[in-house]
Amino acid sequence: AQSVSQHNHHVILSEAASLELGCNYSYGGTVNLFWYVQYPGQHLQLLLKYFSGDPLVKGIKGFEAEFIKSKFSFNLRKPSVQWSDTAEYFCAVSRVSGTYKYIFGTGTRLKVLA
Amino acid sequence: KAGVTQTPRYLIKTRGQQVTLSCSPISGHRSVSWYQQTPGQGLQFLFEYFSETQRNKGNFPGRFSGRQFSNSRSEMNVSTLELGDSALYLCASSPGTGGGSGYTFGSGTRLTVV
Numbered sequence: 268a269q270s271v272s273q274h275n276h277h278v279i280l281s282e283a284a285s286l287e288l289g290c291n292y293s294y295g296g297t298v299n300l301f302w303y304v305q306y307p308g309q310h311l312q313l314l315l316k317y318f319s320g321d322p323l324v325k326g327i328k329g330f331e332a333e334f335i336k337s338k339f340s341f342n343l344r345k346p347s348v349q350w351s352d353t354a355e356y357f358c359a360v361s362r363v364s365g366t367y368k369y370i371f372g373t374g375t376r377l378k379v380l381a
Numbered sequence: 079k080a081g082v083t084q085t086p087r088y089l090i091k092t093r094g095q096q097v098t099l100s101c102s103p104i105s106g107h108r109s110v111s112w113y114q115q116t117p118g119q120g121l122q123f124l125f126e127y128f129s130e131t132q133r134n135k136g137n138f139p140g141r142f143s144g145r146q147f148s149n150s151r152s153e154m155n156v157s158t159l160e161l162g163d164s165a166l167y168l169c170a171s172s173p174g175t176g177g178g179s180g181y182t183f184g185s186g187t188r189l190t191v192v
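Top to bottom, those sequences are chains A and B.
The numbering used here numbers the first residue of the first sequence as 268 and each following residue consecutively.
The numbering used here numbers the first residue of the second sequence as 79 and each following residue consecutively.
If you're looking for bench data, these hints aren't it; they were derived computationally from the structure.
Here a beta-carbon is modelled for each residue, glycine too, at the ideal position from N, C-alpha and C.
Keep in mind that a hint or two might mislead.
Unchecked claim - Computed beta-carbon distance windows for the label pairs:
hint	chain 1	residue 1	chain 2	residue 2	range
1	B	Ser105	A	Asp321	29 to 37 Å
2	A	Gly320	B	Arg145	34 to 42 Å
3	A	Ser347	B	Arg151	24 to 32 Å
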C-alpha cells in the first residue's frame, strides 16, 4: 500500500541552524509531492509542491525541497531557521495516474529556540 | 478572496449522537476533501467530492458520510458517535479533483465526543 514516512517526529533547533526534514514515499509510479505547514493555532498551508521538471523546488519563506526519484524522497530544507518557523510540517504525495490517492505523512513538529 | 470556511469551530457531543459539519470551499473550487486529524494517526483521508459526486473514499466505517451541493459547499455527517471519533476534522478545497495542484485547508472543526 502507498505510504508516506516522515522519520523525524520532533526536531528542536536553535535559530540560524540549518533544517532538513525527511520524507519518503513508497509508490513507484508518477507522483506529485507537497509540503504543508501548520503554525500553532493556524490552519494547514501549502509550503511548496513538485509536479515535474527541476527536482529542486523553492517555496515560501525560504524553504526548498529536493525530489530524488531514485530514493523516493522529497526532503524539506531551509539554510537558516527562525523562531517563527516553529510549526508542524507535513509531507504529502499524490498519485498522478491510476486510482486517486493523496496521502499525508504523520508530520514533524519543529521547535526553534530563540 | 475568502478562504475555506468550516462551521462550527468546536463541538461537544455525547456517544451515540450524530453530528453534521459544514464546509464552504474557496469560490471557484469544485473539489472538497475531508480529513480526520488526530495526534496519533496524523491526517486520514475520509472522502472527496467533486461536482456533487463522491470521487474517492478512505477507510472509514459507513457511519461517516458526506455530500456536496450544487454550490460546491459540502457537509460531513457522523452517526452513532464513538469516543474515538474525537478529532479535528479538516476540509480542503482545490480547483480540480485529486488535489493535484495542492489543497487549501480550512481551520477545522474540533469534535469532542464524551
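Hints breached by this structure = The structure breaks only hint 3.
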